[in-house]
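We have chain A; now place chain B onto it with these hints.
Going down the list, the sequences are from chains A and B. Here the first sequence is numbered in this note's numbering, starting from 1 and rising by one per residue. Here the second sequence is numbered in this note's numbering, starting from 1 and rising by one per residue.
Keep in mind that the hints were calculated from the coordinates and are not lab data. Every residue gets a Cβ at the ideal spot worked out from N, C-alpha and C, and that includes glycine. A portion of the hints provided could be inaccurate.
Just the calculated beta-carbon pair ranges, DEER-fashion [claimed, not checked]: (1) A:G169 / B:L22: 21 to 27 Å; (2) A:G193 / B:L38: 51 to 57 Å; (3) B:S18 / A:K109: 23 to 29 Å.
Chain by chain, the residues:
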Amino acid sequence: MKTRIAAVLAAAVLALSACSSANPMGSASTAPSGSASASGGTALVIGSQQYYSNEIIAELYAQALEAKGFTITRQYQIGQREVYLPELQAGKIDLFPEYSGNLLQYLDKSATAKTGEEVLAALPAALGSSLRPLTAAAATDQDSYNVTKANADKYGLASIPDLSKVGAGLTVCANSELAKRPYGPPGLKSEYGLDVEVIPVEDSGGPLTVKALKDGDCLTADIYSADPSIAANGLVTLSDPKSLILPQNVVPIASAKVNEQAASVIDKVSGSLTTADLVSLNALSVDQQQSSAVIAKGWLTSKGLLS
Amino acid sequence: MNYFVEAFAWISDNLYGSNGVLARTWEHLWYTVVSVVLASVVAIPLGYLVGHTRRGRGLVVASSGAARALPTLGVVTLFGLIFGIGLLAPLVALVLLAIPSVLAGAYAGIEAIDPRTVDAARAMGMSEWQILARVEVPLGLPLLLGGLRSASLQVVATATLAAYVGAGGLGRFLFLGLKTQDYPQMLASALLVMALAVIVEGAFEIAERVAARRLHTT
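Looking at chain A on its own, in the form it has when it is part of the complex (with noise of 0.2 Å):
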């Protein structure tokens, strides 16, 4: 009996080193260093949310490397920054397209940072020394706050604070992290002193939200700023005089293996991203259901950043 439970534990201790060796992480770090490119580097691995636009920028980087000589591992839909961020700390991730303010408040609970230069003068720090960011896009996802135009004409709404006109019983349609968000109900309150009440909708601004807000289930919904179904669906985002939602430019954040070379090409990526260019590039995966392969190439040659 002893031996047979000896046996058993031995059989699952195998079967655990078994799934740890078999981590999807686990073949980029073994990803051949020979098969240099022919710049000389080692291949890059460039990783993504799990956010279709994260990834399609990521497929730009990636493109964009790739036409100078770069070899590329593609790590793409790697969940949320909870789950990518420790890879990319431990090296076994190069580059990934990030959000600055959302970055930098994950990094540093404690961040006083309010502007977008803010933000970005930040981030090299609470990175620490493992990872920089490359040069910021101008192109900006964030969330923001979007209501009906009918409810926008009703009540004369087009700032955050003009919320108050409605009265009680503010409610808004977002994922149920914003109840706890600086920028969600107690920003709201601290910021413009409105009472709003998080009704949980868990797919990020996606239909299921558009169709919360266009139901009426709630007058505001947290929509992601580079979403097309803003424009599509005719919603009116409220501006935001205080700067309470932190600015998301979008920004490569890449390890030491990025050499500069490298660097450069994506900063030319960067350079001619512009947040109308993010909208039109999610709207190809949206409307059309091309794949980020497809929607980068042709940016990327409309861009002439591929010859």
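Chain B only, in chain A's frame:
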């Protein structure tokens, strides 16, 4: 181990209020009961029909097998886009989740009865309804309870998805904990779902024993 201590501390700190543990646990149990009852209303008569007439078994097995493979989050999102946010979409998804197990329990319970027993009842002059009500339903009860048991277990574990589209239940804590890196809260929610599952299992265990005892004494 520290997470467990924090999770239990979190539970005791958040017991009361409209977003408290007690209210959300009650909602969760309520969703489970409603889903399984609605699934039973559909699946038990259908299962008895198939079991009694021995017709359409292939169709029922194939379609309930296919229904088992439906990813519930996808179903919740799909119905959410049709009905809007709230309880209706997850309820439909949970009923769809529960139907195959209940259906299988209902027809398998009747199918497992020795055909000679049914023939004997028929030879005694029982009508088809009497055979169903007095022979097949009582003899099939243990397997039906088994089906209800596995359906309830699946639903109690999956009802967390109700929170995905704005309804309540213990999923609220799960989603919030996940997105805000509040892992004690997330673990607390998981522990509460597990506790509910154990309670539901216990209730069915007792029900099955009572059913078995009555079956042997009559």
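Hints not upheld, ascending by number: Number 2 - this is the single hint that the structure violates.
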